[in-house]
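Peer 1: Sequence lines, in order, name chains A and B. Take 79 as the starting number for the first sequence in my numbering and just add one per residue. Take 3 as the starting number for the second sequence in my numbering and just add one per residue.
No lab work stands behind these hints, which were simulated from the structure alone. A portion of the hints provided could be inaccurate.
[Claimed, not checked] Straight line, CA to CA, 16 Å or less: simulated EDC-like cross-link-like pairs of lysine to aspartate or glutamate: (1) A:K179 with B:E200; (2) A:K221 with B:D149; (3) A:K147 with B:D290; (4) A:K409 with A:D240.
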Amino acid sequence: MRPHTRTRFRTRFRTRTVAATAVVCALSVALAGCSGTTKDDAKDDAANAKEDAQNAKADPDAPLKKGLKLAFLPKQINNPYEKIVDEAGIKAAEEYDGEAKEVGPSDAKASSQVSYINTLVQQRQDAILIAANDPNAVCGPLKQAMKQDIKVVAYDSDTSKDCRQLFINQASSEDIGRSLVQHTAEQLGHKGQIAILSATQNATNQNAWIEFMKDELKKPAYKDMKLVKTAYGDDDDQKSFQETQGLLKAYPKLKAIISPTTVGIAAAARYIGGSSYKGKVVLNGLGTPNQMRKYVKNGTVEQFSLWDPEKLGYLASYAAAALASGQITGKEGERFKAGELGERTVGKDGEVILGPPTVFDKKNIDDFDF
Amino acid sequence: MNKYVRYLRWDTGLGILLVAVLLAGAGSTEGFAETTNLSAALNDTAEIALIALPMTLLVVAGQVDLSVASMLGLSSALAGALWDAGWAFELIVPVCLLVGVLGGLLNGWLVTRVGLPSLAVTIGTLTLYRGLASVVLGNKAVADFPDTYAQWASYTETVPGTFVPYPIALFAVLAVVAAVVLHCTGFGRSMFAIGAQEQAAWFAGVRVKRIKLVLFAVTGLMASFAGIVYTLRYGSARADNGLGLELVVIASVLLGGVDFNGGKGTLGGAVAGVLLIGVLNNLLTLNDVSNEIQVIVTGALLIVSVLTPRVIAVLGERRQRRTAAP
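Start from the sequences and build out the full structure, keeping to the hints where you can.
Peer 2: Here it is as structure tokens:
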């Protein structure tokens, strides 16, 4: 004796499903029929809603305010490179009697940064300095911050342009992208397959550099070089390690890997250094001297580049202070004094450039400690 | 004394703890008790809260759905791809919801018809839906969603006269509905019956399979809806949105005193669990407590929540034995 039969269950269920589906369909057609919102409408909205925070007047002679509260929000709190940048920025704040700190998520996820921005607004910081994991996901809360007169400075990895007042760029993206290809080509004799090992797929800085790398590779000098793949290690040591392994397996003729991320290049060096590819595959990219020293000394890596991350944090810190003190507003052509780095000028789209990247090799690596 | 202890159940205790944390936060931390902060803190839990509702019913019925965060990602990726293709947002929403229902039905079908345990099924669909999300949108991130809807999901736009953002207001309404269904209807009682003793429930005339199927479908629906909320809230549709969120949802539900073995729990407890984790995270962030410590605090709370009822039960048994002894 079954308490209920299968057929009854089926028919009843079917009629209900059909009815429900019909309702959903009718509803959606009706909704779509009466003036839907599409991508093109939204673009107009965004254009109309442009911030007018930049209409404020700059006073280049204003002194740096005392007791400014600054917060660095890195992509990820335990990334060694970001730590160096932020600590230098925090130290710089002491020079102008400011108070700076570093807070942030332990994973490099776009959404993780958002709740931090909200709490920083709540803590009434004078400026938020952010290395964005996703240029758009952090935009809403940053605009909210600017509305409450909190200055926003992006560094290392930019947000969308209307969500911050300044972007402190390590070096021009063009310099970095092109020089990495040029250096690698010299090491290879301008011949062979190459691959890129990047960080996350939406990291603004990585993608800008990769675009310039691709553009540089179009030149006739590189006609014998071919970019076979761009892999993503998500700035995760383990994943970058596995991606390196995967690249070398999938492309037996691979001659070089360019990894424009400090996490990626270190993981790749660890894999190559411990495998039969050591000395056969060229590894170039962006890394820190302390992380890469042993791989340069044991011959896994011949050279790599980076800017001085301490100077980057230092510059960002001073730029934020200048903004918060009203010396600048983020318009092109404004000038401010960045402590011992001297005077800097705000470029197009609020960009301030630190300088060209430095190449590290056997000869000079011991001169650096970071 | 004994009289009061009897009334102090886990979920009421949790409610009291939540109020205590709120009061302690207001007293100790500048900016915590402000409405904008409370709005932001509440809204940060929006997706977790919304998915926790059907998840509570599922767990009460002795089931679990680990694919919810992947469904959230799939819904977000689909919304992004369709938006990019020029679809009207009003049409994207029902399509995403429909996909959510279908995903939920697939889970339910595999559990009820093929007879696989829900844990195994949804570990599989966890990977499947996340994979589909990557197929749909790839590595791209789609932004520039309509301002009107983005505003709806943001914490700055609140129900007039209150500090409650719209996603949370909706959650409150749905929570009442879910509580009524779970605690005041035959349908709800059937869930408890299934969770406690599936065979017995079946022989007693409970339509076990149909109830499970409906629960999985509703869970899929809510997960895809949460995907739309997530996309609007962050203004960014990505295939990896909400990665790992399923564990936070389940942790909140378990913290709320819902028994993972099924058959026991209250919806109020689960809601208190969600809010407690949200409020605690906000409070710790405001006090510059590092992310690692936050994870430890949440983990410790979870362990306590699983242990405490056990300890109380053991103590109760002992007392009974003592009083029963001649």
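Peer 1: Next, verify each hint and record whether it holds.
Peer 2: Checked hints:
1. With a C-alpha separation of about 55 Å, the suggested pairing of K179 (chain A) with E200 (chain B) is violated against the 16 Å cut-off.
2. The suggested pairing of K221 (chain A) with D149 (chain B) holds, with an alpha-carbon distance near 13 Å, which does not exceed 16 Å.
3. Distance restraint check for K147 (chain A) and D290 (chain B): the Cα-Cα separation of roughly 14 Å lies within the 16 Å cut-off, and the hinted pair is therefore satisfied.
4. Between the alpha carbons of K409 (chain A) and D240 (chain A) the distance comes to roughly 12 Å, so the proposed pair stays at or under 16 Å and holds.
Consistency note: the structure conflicts with earlier hint 1 alone.
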